[in-house]
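Participant: Chains V and C supply the protein sequences, listed in that same order. Take any residue in the first sequence, note its place counting from 1, add 84, and you have its number in my numbering. Take any residue in the second sequence, note its place counting from 1, add 690, and you have its number in my numbering.
There could be a bad hint or two in this list.
[Stated by the list, open to error] No more than 30 angstroms apart at the CA atoms, straight line, and that leaves these computed lysine-lysine pairs for BS3-like: (1) Lys-732/C - Lys-106/V; (2) Lys-746/C - Lys-124/V; (3) Lys-186/V - Lys-124/V; (4) Lys-102/V - Lys-746/C; (5) Lys-137/V - Lys-746/C; (6) Lys-93/V - Lys-125/V; (7) Lys-102/V - Lys-124/V; (8) Lys-758/C - Lys-137/V; (9) Lys-761/C - Lys-122/V; (10) Lys-103/V - Lys-758/C; (11) Lys-746/C - Lys-761/C; (12) Lys-732/C - Lys-124/V; (13) Lys-103/V - Lys-789/C; (14) Lys-761/C - Lys-125/V; (15) Lys-186/V - Lys-789/C; (16) Lys-125/V - Lys-732/C; (17) Lys-106/V - Lys-761/C; (18) Lys-137/V - Lys-103/V; (19) Lys-732/C - Lys-789/C; (20) Lys-758/C - Lys-106/V; (21) Lys-137/V - Lys-186/V; (22) Lys-789/C - Lys-137/V; (23) Lys-789/C - Lys-761/C; (24) Lys-93/V - Lys-186/V; (25) Lys-789/C - Lys-93/V; (26) Lys-761/C - Lys-93/V.
[Said to hold, decoys possible] Listed below are several chain C residues computed to face chain V (Cβ distance under 7 angstroms; list not exhaustive): (27) Pro-734; (28) Phe-736; (29) Lys-789.
[What the hints assert, rightly or not] Take a look, some chain C residues computed to stay more than 12 angstroms from chain V by CB distance: (30) Leu-701; (31) Ser-702; (32) Ser-742; (33) Asp-745; (34) Gly-773; (35) Ile-800; (36) Pro-802.
It should be emphasised that the hints constitute simulated quantities derived from the structure, not laboratory data. Built from N, CA and C at the ideal position, the CB exists for glycine as well.
If you want the building blocks of each chain, they are given just below.
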Amino acid sequence: DTEVTQTPKHLVMGMTNKKSLKCEQHMGHRAMYWYKQKAKKPPELMFVYSYEKLSINESVPSRFSPECPNSSLLNLHLHALQPEDSALYLCASGAGTGGHEKLFFGSGTQLSVL
Amino acid sequence: GESVGLHLPTLSVQEGDNSIINCAYSNSASDYFIWYKQESGKGPQFIIDIRSNMDKRQGQRVTVLLNKTVKHLSLQIAATQPGDSAVYFCAENQGGNEKLTFGTGTRLTIIP
Numbered sequence: 085d086t087e088v089t090q091t092p093k094h095l096v097m098g099m100t101n102k103k104s105l106k107c108e109q110h111m112g113h114r115a116m117y118w119y120k121q122k123a124k125k126p127p128e129l130m131f132v133y134s135y136e137k138l139s140i141n142e143s144v145p146s147r148f149s150p151e152c153p154n155s156s157l158l159n160l161h162l163h164a165l166q167p168e169d170s171a172l173y174l175c176a177s178g179a180g181t182g183g184h185e186k187l188f189f190g191s192g193t194q195l196s197v198l
Numbered sequence: 691g692e693s694v695g696l697h698l699p700t701l702s703v704q705e706g707d708n709s710i711i712n713c714a715y716s717n718s719a720s721d722y723f724i725w726y727k728q729e730s731g732k733g734p735q736f737i738i739d740i741r742s743n744m745d746k747r748q749g750q751r752v753t754v755l756l757n758k759t760v761k762h763l764s765l766q767i768a769a770t771q772p773g774d775s776a777v778y779f780c781a782e783n784q785g786g787n788e789k790l791t792f793g794t795g796t797r798l799t800i801i802p
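Next up, chain C with everything else stripped away, as it sits in the complex (with noise of 0.2 angstroms):
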């Protein structure tokens, strides 16, 4: 479930299921949005991306869905394996401005 202040946003799902994460963006100008996945100790690392022209895209056990409407964004991992637990941000970027903003984040966990 959710909870805010301290504590990240959790999610444990059975290794070999799908797992859904969402995020909620606040921009309304956004329009390019990235997943990236945090493991203990390194630096965020990109998963996917998707433009504001799209509404969906597909990676390798990935796909990502973008909902303008309500300004949500999902990430669907697929077969899910212990290497996938992580924390799993979303950031969100305005076309002409360089800056790159971060949700809250997610915290996967996966049980064998």
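The shape of chain V in the complex, shown without the other chains (with noise of 0.2 angstroms):
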């Protein structure tokens, strides 16, 4: 199975709701992590966990909070967004080797916020 899960495919959110993005993958990989892609641009990286544990958070807003449950399943909580985090919203795992690894995507969350 080298498949990444990811819920919902859609969400339509207001600027006070407060909403979960979910991803699983069952590959045994230790490393996993949350990209951002606006339209027509390359995907942004924006945590990453290794085993379990926050490795990088390039400098994200704290209105988005990841969550790393367990190996299998990362979360990404969302609280307060602005329209401009409209976005797809991509979830990845690696073997969790610290580099030179290719990574697996899910299909992402296209999230708009109104």
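Once you've looked at the hints, go ahead and assemble the two chains, each given alone in its own frame, into the complex.
Facilitator: What follows is the structure, encoded as structure tokens:
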């Protein structure tokens, strides 16, 4: 099973809402990633968890709060978002070797903030 | 041709011809590179990777070339098919660092 599953596929939320994005992988990978992708742009790294510990935070605003409950699951909690946060949010996983590894991506959650 | 800003560089190729997609990377310390394919509504899909101790690697219908001197990477797709239409991204990584950084991307369109 080489699949990374993300839910929901689409999400519309208001600026005062709280919502969560979920990601799951069963490849035994020990590194999990959140990327943000705006239309016609490349994915931009937000967070990396390695062995369930946050190892990289790319200066992401605190209205985005990641959580890694176990090595198979990754969540992204959203609160008080702005319309400019509308984007495709991609989850990825990797073996956790600290670099030199291919990442496997989910299909993403298309988020619209109204 | 290439453009910057809001528009992806684009490449249109006749079905059955070979495609060459280019990428200039930024970090001279990067030593691992990946090409991804992203179709509309999907996440990036791994195509092929290469380490900096190699200058060429071949897969099924694809070849990646690496020129470290000029920090340039290319992806060659042989005998392109309609299913090859997508946006292609190169990505770079520096060993010992989990960060994988994506390049601008190129939209490949296959003309029937």
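Participant: For every hint, state whether the structure bears it out.
Facilitator: Consistency of the hints with the structure:
no. : hint                  : result
1   : Lys-732/C - Lys-106/V : holds (16 angstroms)
2   : Lys-746/C - Lys-124/V : holds (29 angstroms)
3   : Lys-186/V - Lys-124/V : holds (22 angstroms)
4   : Lys-102/V - Lys-746/C : violated (48 angstroms)
5   : Lys-137/V - Lys-746/C : violated (36 angstroms)
6   : Lys-93/V - Lys-125/V  : holds (19 angstroms)
7   : Lys-102/V - Lys-124/V : holds (27 angstroms)
8   : Lys-758/C - Lys-137/V : violated (34 angstroms)
9   : Lys-761/C - Lys-122/V : holds (26 angstroms)
10  : Lys-103/V - Lys-758/C : violated (44 angstroms)
11  : Lys-746/C - Lys-761/C : holds (14 angstroms)
12  : Lys-732/C - Lys-124/V : holds (13 angstroms)
13  : Lys-103/V - Lys-789/C : holds (26 angstroms)
14  : Lys-761/C - Lys-125/V : holds (21 angstroms)
15  : Lys-186/V - Lys-789/C : holds (11 angstroms)
16  : Lys-125/V - Lys-732/C : holds (14 angstroms)
17  : Lys-106/V - Lys-761/C : violated (37 angstroms)
18  : Lys-137/V - Lys-103/V : holds (22 angstroms)
19  : Lys-732/C - Lys-789/C : holds (21 angstroms)
20  : Lys-758/C - Lys-106/V : violated (38 angstroms)
21  : Lys-137/V - Lys-186/V : holds (20 angstroms)
22  : Lys-789/C - Lys-137/V : holds (15 angstroms)
23  : Lys-789/C - Lys-761/C : holds (18 angstroms)
24  : Lys-93/V - Lys-186/V  : holds (23 angstroms)
25  : Lys-789/C - Lys-93/V  : holds (25 angstroms)
26  : Lys-761/C - Lys-93/V  : violated (37 angstroms)
27  : Pro-734               : holds (5 angstroms)
28  : Phe-736               : holds (5 angstroms)
29  : Lys-789               : holds (6 angstroms)
30  : Leu-701               : holds (15 angstroms)
31  : Ser-702               : holds (17 angstroms)
32  : Ser-742               : violated (10 angstroms)
33  : Asp-745               : holds (17 angstroms)
34  : Gly-773               : holds (17 angstroms)
35  : Ile-800               : holds (19 angstroms)
36  : Pro-802               : holds (24 angstroms)
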